[in-house]
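Residue numbers (this note's numbering), protein chains in the order written: chain A, -19 to 317; chain B, -19 to 317.
Treat the hints with care, since some could be wrong.
Unchecked claim - Chain B stretches covered by chain A per the calculated footprint, using a threshold of three residues with CB under 8 Å from any CB of chain A:
1. 14 to 26
2. 44 to 57
3. 102 to 111
4. 122 to 134
5. 170 to 180
6. 197 to 207
What the hints assert, rightly or not - From chain A, some residues computed to sit far from chain B (all C-beta separations above 10 Å):
7. Leu11
8. Pro107
9. Pro157
10. Arg287
11. Pro291
12. Pro295
Quick caveat, the hints were computed from the structure, so don't treat them as lab data. Ideal Cβ placement from N, Cα and C applies to all residues, glycine included.
2 protein chains.
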Amino acid sequence: MAPAYAAETAALMVAADLRGIESHGVGMLELYAEYRAKGRLATAPTVRVVREGPATALIDGGGGLGHVPSARAMRLAIEKSRAAGVGAVAVRNSNHFGAAGVYALMAAEAGLIGVATSGVWNVAIVPTFGVDPMFGTNPIAFAAPAGRNPPFVLDMATSTAAIGKVKLAKMRGERIPEGWAVDADGAPVTDPDVALAQRRLTPLGGERVMGGHKGYGLAAMVEILSTVLSGAAYAPLRARRYPDAERYNVGHFLMALDPGAFRGEGDFRADLDDMIDALRSSRPRDPAEPVLVAGDPERACEEERRRHGIPLPAPRVALLRRLAAEAGCEFVLQPRG
Amino acid sequence: MAPAYAAETAALMVAADLRGIESHGVGMLELYAEYRAKGRLATAPTVRVVREGPATALIDGGGGLGHVPSARAMRLAIEKSRAAGVGAVAVRNSNHFGAAGVYALMAAEAGLIGVATSGVWNVAIVPTFGVDPMFGTNPIAFAAPAGRNPPFVLDMATSTAAIGKVKLAKMRGERIPEGWAVDADGAPVTDPDVALAQRRLTPLGGERVMGGHKGYGLAAMVEILSTVLSGAAYAPLRARRYPDAERYNVGHFLMALDPGAFRGEGDFRADLDDMIDALRSSRPRDPAEPVLVAGDPERACEEERRRHGIPLPAPRVALLRRLAAEAGCEFVLQPRG
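Turn these sequences into a full structure, and let the hints guide you.
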């Protein structure tokens, strides 16, 4: 990769690790290296704006990783929202973009509401009444700037549990809770190995009676915004519709919305502060476990890690060392403290 | 109400009944009449655009029902999206707007992606780790136009189950499933009377382990878009912050996004058709219950009801007759068939 491209990608990957979202940080390098080896990933992609309007744009990621085109898309959305009040940018011909929340947060840090969604190249969510997975874990992130409080940052997979949570259970030798995954007959799966092999996760809500059709609908909404709007490939049809495609053609959607187009200076931040304060001071079920606001755990993690560094288990360090050697790169990580 | 205002409101209420969303249709008249009697609802409101940009606007509902300002907001969002690719309109100083899906569908029928969200004047959703309700059932609707298929229409409360579902269980003398509602100690409630009296619904997902924090986050997202962005009143703080306010000051958010700003003519519709077809033909758990797409049940209901009329149970007819008499209106409903 070109140095500037690699540097921006690395910074966005580390941003996920800083926030405690290890499943979407430097640990992804193993998969990225595999895709590179298979020719699934362009390492010198041309990222370009292929279409542009006063408040919209379409970016082509050139078949490379999604971080650089997505950050560029959000910067463009932010720029457009300064002039038009709102900016919406779609990205096609991309790949994994890391943690969705990182892009939504870019907008909030610029004083704007930010939205980020992404399709996924392989499927994992089973529709209500179905048994086969038809969507990836299709994440949605939403961030908004407050005043005295840090920003609100929602960053969620539209499945009941993210794939990373299943992997974590496997790593710990634990079973997963009933309701996260099903088998080919729709029966609950609690063995993380089976869940990871079959990739049949329930949509947020789980069964129909508990609102699973809403999670299924949200996953479809994310697919429409990320894949259909950008002209990316819908994973279940990719092999049939694009049999010769070397790349996955993943799509993303990034939006920024300027509260200043609707309200007076500071009014939005002040009201969001009041809402956040009301939530934090609302009565907890267990006094030891106060009511949190979306983004709180990730920010606490980031503060801790900015001070004391990002803990990397020995197997991950070994992995990074091996990948660096294979890529002919100097291994520059230094143990801290 | 002025005749044109009443006619548009009535049409939007009936649209909900046509789609089988009786909880948000003419049955709401009882509550609206109560609000009118209490001075909570302006019947001759001035609906006006108070702020406007190239792709955004803010509408003040004048303290009246939400249907007219919301339909106007979506028409304005549609108009702006024709020029700018996207249009986002916030509504403040409003009240109940009926079914969110009706507004999102307006955009889809115009060939655009539509989004509609709303705050609620009284609270119902309990945050993760909390015991007191801090959000209304905060609905989100998302619609998108296909080609050979009817539009995709997601219309959902961000609670596990809508209040209307609890009322339906009560009407049928049934208990509600464990997981829909809790009591003041966070214990599950299955008696619909208790659930309706306490109004402590779980966010979509339910408990933390089943992703309830995501439903809580989505409810907060809807509140930020609908209430904080427009400058409406956040229900838990209304009494303290606006002690003298006669009206509820509910807020909504309406957005239209033009696929034509991103892709060539017909490409979006064709790809959405392929996705919808793939979902419909995906393997069902029970062959008698095929996989559906968001909007299917409501559309089937609408087709049936456009042919055969909207069934109104006798108590509802009696209610409408009484309300008409109290309002000094002619009762014009005719039994059909």
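Inset, instruction - Determine whether the non-interface label on Pro295 of chain A survives the test: each CB of chain B must be over 10 Å from its CB. - result: With a cut-off of 10 Å, Pro295 of chain A remains clear of chain B, as the shortest Cβ separation is near 27 Å.
Legend entry - Annotated coverage of the stretch 102 to 111 of chain B by chain A, confirmed only when three residues or more have a Cβ within 8 Å: holds (count 5)
Legend entry - Interface-negative label, Leu11 of chain A against chain B, beta-carbon threshold 10 Å: Answer for Leu11 of chain A: holds, closest chain B Cβ roughly 24 Å.
Legend entry - Least C-beta distance from Pro107 of chain A to chain B larger than 10 Å: Given that some Cβ of chain B is not farther than 10 Å from that of Pro107 of chain A, nearest at about 5 Å, it is violated.
Inset, instruction - Please count how many residues of the stretch 44 to 57 of chain B have a CB within 8 Å of a CB from chain A and say whether that reaches 3. - result: violated (count 0)
Inset, instruction - Examine the stretch 14 to 26 of chain B: at least three residues should have C-beta closer than 8 Å to a C-beta of chain A. - result: violated (count 0)
Inset, instruction - Verify that the Cβ of Pro291 of chain A lies farther than 10 Å from every Cβ atom of chain B, and report whether the claim holds or is violated. - result: 24 Å, holds
Inset, instruction - Take the stretch 197 to 207 of chain B, compare each residue's beta carbon with every beta carbon of chain A, and decide whether three or more fall closer than 8 Å. - result: Answer holds; 8 residues pass the 8 Å Cβ test.
Inset, instruction - Just double-check Arg287 of chain A for me: nearest Cβ-Cβ distance to chain B has to come out over 10 Å. - result: Since the minimum Cβ distance to chain B is about 26 Å, Arg287 of chain A lies beyond 10 Å and the statement holds.
Legend entry - chain A over the stretch 170 to 180 of chain B, status - at least 3 residues with CB closer than 8 Å: violated (count 0)
Inset, instruction - Grab the minimum beta-carbon distance between Pro157 of chain A and chain B and tell me whether it stays above 10 Å. - result: 5 Å, violated
Legend entry - Proximity test - 8 Å, beta-carbon atoms, the stretch 122 to 134 of chain B to chain A, at least three hits: holds (count 4)
In terms of the numbered hints stated before, the structure departs from hints 1, 2, 5, 8, 9, listed from lowest to highest.
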